[in-house]
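Protein chains: 2
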Amino acid sequence: MRDVARLAGVSQSTVSRVLSRSTSPIQISQDTVQKVLDAVDKLGYRPNLTARSLRGQKTNMIAIMIADISNPMYHSIVRTVQAIARERDYDVLIANTDHVYENELHFCEAIIRRPVDGVLMVPNHLSNDEIEQLIHITDIPVVVLAWPSYYPRVDAVYGDDLKATYDAVRWLVESKGHRRVGFIGVSRTLPPGERRRTGFDRAMTDAGLAVPPDYIQEGDFSIDSGQRAMRALLQLAQPPTAVFVCNDLMAIGAIDAAKDLNCRVPEDVAVIGFDNIPEATIIRPRLTTIAQYPVEMGQQMAHAVFDRIEGLSNGTRQVFEIPCRLIEREST
Amino acid sequence: MRDVARLAGVSQSTVSRVLSRSTSPIQISQDTVQKVLDAVDKLGYRPNLTARSLRGQKTNMIAIMIADISNPMYHSIVRTVQAIARERDYDVLIANTDHVYENELHFCEAIIRRPVDGVLMVPNHLSNDEIEQLIHITDIPVVVLAWPSYYPRVDAVYGDDLKATYDAVRWLVESKGHRRVGFIGVSRTLPPGERRRTGFDRAMTDAGLAVPPDYIQEGDFSIDSGQRAMRALLQLAQPPTAVFVCNDLMAIGAIDAAKDLNCRVPEDVAVIGFDNIPEATIIRPRLTTIAQYPVEMGQQMAHAVFDRIEGLSNGTRQVFEIPCRLIEREST
DNA sequence: AATTTTTATGCAACCGTATGCAGTCAACTC
DNA sequence: GAGTTGACTGCATACGGTTGCATAAAAATT
Chain S
1062 MRDVARLAGV
1072 SQSTVSRVLS
1082 RSTSPIQISQ
1092 DTVQKVLDAV
1102 DKLGYRPNLT
1112 ARSLRGQKTN
1122 MIAIMIADIS
1132 NPMYHSIVRT
1142 VQAIARERDY
1152 DVLIANTDHV
1162 YENELHFCEA
1172 IIRRPVDGVL
1182 MVPNHLSNDE
1192 IEQLIHITDI
1202 PVVVLAWPSY
1212 YPRVDAVYGD
1222 DLKATYDAVR
1232 WLVESKGHRR
1242 VGFIGVSRTL
1252 PPGERRRTGF
1262 DRAMTDAGLA
1272 VPPDYIQEGD
1282 FSIDSGQRAM
1292 RALLQLAQPP
1302 TAVFVCNDLM
1312 AIGAIDAAKD
1322 LNCRVPEDVA
1332 VIGFDNIPEA
1342 TIIRPRLTTI
1352 AQYPVEMGQQ
1362 MAHAVFDRIE
1372 GLSNGTRQVF
1382 EIPCRLIERE
1392 ST
Chain L
1062 MRDVARLAGV
1072 SQSTVSRVLS
1082 RSTSPIQISQ
1092 DTVQKVLDAV
1102 DKLGYRPNLT
1112 ARSLRGQKTN
1122 MIAIMIADIS
1132 NPMYHSIVRT
1142 VQAIARERDY
1152 DVLIANTDHV
1162 YENELHFCEA
1172 IIRRPVDGVL
1182 MVPNHLSNDE
1192 IEQLIHITDI
1202 PVVVLAWPSY
1212 YPRVDAVYGD
1222 DLKATYDAVR
1232 WLVESKGHRR
1242 VGFIGVSRTL
1252 PPGERRRTGF
1262 DRAMTDAGLA
1272 VPPDYIQEGD
1282 FSIDSGQRAM
1292 RALLQLAQPP
1302 TAVFVCNDLM
1312 AIGAIDAAKD
1322 LNCRVPEDVA
1332 VIGFDNIPEA
1342 TIIRPRLTTI
1352 AQYPVEMGQQ
1362 MAHAVFDRIE
1372 GLSNGTRQVF
1382 EIPCRLIERE
1392 ST
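The listed protein sequences correspond, in order, to chains S and L.
For the first sequence, the numbering used here begins at 1062 and goes up steadily by one.
For the second sequence, the numbering used here begins at 1062 and goes up steadily by one.
Note that these hints are calculated values from the structure, not bench results.
Each pair may be met inside one copy or between any two copies, as identical chains are not told apart.
Within a straight-line C-alpha distance of at most 25 Å, the following computed DMTMM-like cross-link-like pairs (lysine to aspartate or glutamate) qualify:
{"#": "1", "residue 1": "Lys1224", "residue 2": "Glu1382"}
{"#": "2", "residue 1": "Lys1119", "residue 2": "Glu1170"}
{"#": "3", "residue 1": "Lys1119", "residue 2": "Asp1178"}
{"#": "4", "residue 1": "Lys1096", "residue 2": "Glu1170"}
{"#": "5", "residue 1": "Lys1320", "residue 2": "Glu1391"}
{"#": "6", "residue 1": "Lys1103", "residue 2": "Glu1163"}
{"#": "7", "residue 1": "Lys1119", "residue 2": "Asp1150"}
{"#": "8", "residue 1": "Lys1320", "residue 2": "Glu1389"}
{"#": "9", "residue 1": "Lys1103", "residue 2": "Asp1200"}
{"#": "10", "residue 1": "Lys1320", "residue 2": "Asp1275"}
{"#": "11", "residue 1": "Lys1103", "residue 2": "Asp1190"}
On a predicted model such as this, the values are computed, not experimentally measured, just so you know.
Please model the complete structure; the sequences and the hints are all you need to start from.
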């Protein structure tokens, strides 16, 4: 910048003003602007955003923490967020936690040490206190993709998966006539695990159906774990005739395991997944699943955080529900 | 930091020295260290890495540019790189180009404006000149995941996909007895597209087999495009009996399309993919494919860049070949 | 006891940019 | 023609750290 100033025959501050003219109300003569721009061009100068961040206390970056880089759900969210960020000349820092608590903490620590202007996150273990503390220390707007009751004081975007699970299970029972329904979930310590399990339990109770303990299996979101869980279910003396699986990847594994055991889907056992990832229409039978709408989620999250960054919203927290929808295909 | 200094009763420089003791050879009395650490603890102070970067001309960040966030190949690479970076207390900036040239340029621009200590990239369009220029401007070590001849002056990690393609096609012909072999590729303007096509062409020529123009289809890496391409092949008057597909996602689409057209795989048409993504063992028939080894790729890339960052290597460029391997499953 | 060396600390400059404040100059006002 | 105004521009400082250099105190040497 000093070099540009020298070449243009003006002071360094003037160069700065020319280059950030949009954000500065001060006027500069047309003549000077031209001289500076010429010099910038000639030297191929680009401002150093790190320095700009330091001085301006504004980084033009936001961070997004996702739970699983392998889950296509998050790809759409990330892509959407990036597109919206790009429009505003923001860069996006992506962090992947693989659902591990330590990684979530590491992310918070990283944000504290290298501040950004806004944070989007899909927490799985972080307590409300930990998020509050992050906000308190950094004073950065945070938007979570999570059931709002877990984080009662930050903007939240969430899919109503409890209700969606409830409705889907009742549909299995009432429209499809299943009475023995199994469940492949994930740890109840994870918010979605807890909610979907609750939805399942309530639906079964309300339908007046008992669920043997064996019918409840637990996986870890992966295809492999879905296979294992399904194998366990099908090897029971009296296996379920339908299985609700907490995400599509595990459902894909479950269908695979069923085939291996010469068990027809959906004739012998119906399978329903959750997420509606692209692969759901690829496998055979095509997977019945509960669709989430990641693009909408990404949009809401991004807009919520940018509204706060730009001061458009600063009052009470906002909560956006993105409804889920059952998509019936061939696996039920 | 000033507050810490005040509380500890020392100067701000001393605090800095205590906190970056590892990198500074200067000695500090045990007593002072303790006072400072106590103050840090009491105030919950964390150094601002942005400021540190500015002064130190070292960001403790590396950036990685991948071509497709939906491709599981890159998930492994990213995970591996992140693990290695974490060991060294580096953060990783992830950028996704979706194979689009503008995004690659944008990435370079972002790196210029917000420098990092090292860059890993999977370029698809960037010219050698453009990469040279990036290095020239920023003076940052760059490691590419790409056939080295495209970027003759930077460290490169690459899978020998040309040879792997050649071998696989000859195997289809000689061991499996196919004589009509189709090809579903991607644009030859993309390095892997070009190489795999070359490998295919050479293998067919060397086997003395002609390839009708109709047998060459082009997709865009996606499942959808694989479906479309396969449909086109199977609707020919004389369809191929085997199809070499340039990546697994398209191969999955291709198998799907075949099933839709009541065409059995592998009896009526054999399919071979490339990448060996996890889904390859999930679909039925299980996909024969050429495995790449993304973990090894990530390791080599990360080590290459850190070796340069730490000054362990600074001479001539390094090139690492990660061989591919044919994995025969059920689709051939 | 005087001198040299070592150890520990502080002062001040610097990284690259943004901005409050003061100053210059031309154009206006009266 | 003196005073006022407004449009530009530069000086100096700040952002939050790191580090070269000087110096004071302590230890070692002569």
